[in-house]
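Chemist: If you want the building blocks of each chain, they are given just below.
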Amino acid sequence: SQQGEEDPQALSIQEGENATMNCSYKTSINNLQWYRQNSGRGLVHLILIRSNEREKHSGRLRVTLDTSKKSSSLLITASRAADTASYFCATDAAGGKLIFGQGTELSVKP
Amino acid sequence: GAGVSQTPSNKVTEKGKYVELRCDPISGHTALYWYRQSLGQGPEFLIYFQGTGAADDSGLPNDRFFAVRPEGSVSTLKIQRTERGDSAVYLCASSLTGGITGNTIYFGEGSWLTVV
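Residue numbers (our numbering), protein chains in the order written: chain X, 1484 to 1593; chain Y, 64 to 179.
In short, the hints are calculated from the structure, not lab data.
Computed from a prediction, not measured in an experiment: that's the story for all the values here.
Treat the hints loosely; a few may be bogus.
[What the hints assert, rightly or not] Some but not every residue of chain X turned toward chain Y, in silico, with C-beta under 8 Å:
{"no.": "1", "residue": "Ile1496"}
{"no.": "2", "residue": "Thr1567"}
{"no.": "3", "residue": "Ala1568"}
{"no.": "4", "residue": "Phe1571"}
{"no.": "5", "residue": "Leu1581"}
{"no.": "6", "residue": "Phe1583"}
{"no.": "7", "residue": "Val1591"}
{"no.": "8", "residue": "Pro1593"}
We treat Cβ as the ideally placed atom computed from N, Cα and C, and that holds for glycine.
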């Protein structure tokens, strides 16, 4: 079963614009991770944010976490065509296993 | 190894046949995970190993699915009497330790299984 839900399901933007994806989840978590998946490929880890953190940055990525609202957002700034991929949030609730959302399909047009 | 390695990368099998999918985790990683991903969906958890033992197998859909990790390194996911609904990408992942430590979980490229 899926724990998280991403919003929007699909997002299309122009190169240079910012892309924001949201994730909501249902149960308490230890941490939340964001992954990227190019079509037909495996998942690539982007960033991990712990339940006691509110914001984290990595290069052009900014992740926020609001545990009171059980939600997280991933912001990609100054997007590039190469950022085109599916993006998934995954929550680590207990035992170390990750529960994934349905994903947001991002298309960045050159 | 440099990353999580999965074989075969693609497998086409007939309905009713037996299939084995292999995963070679990153060297030194004690935790190993199997996920299944259908088209347009997020990965679904199947089973998680800590060392040689299955710490959580609550995601295995039925008794046709079984996984082993006899020496705490390589793992094999076994599917008996395959059905067309088993067609999916089977993803393996590993992390340095499991539990609630929040270690990064690294994924392989997946094994694409098609049951015809």
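Chemist: Going through the numbered hints above, which ones does this structure break? Give me the numbers in ascending order.
Modeler: 1, 2, 3, 7 and 8
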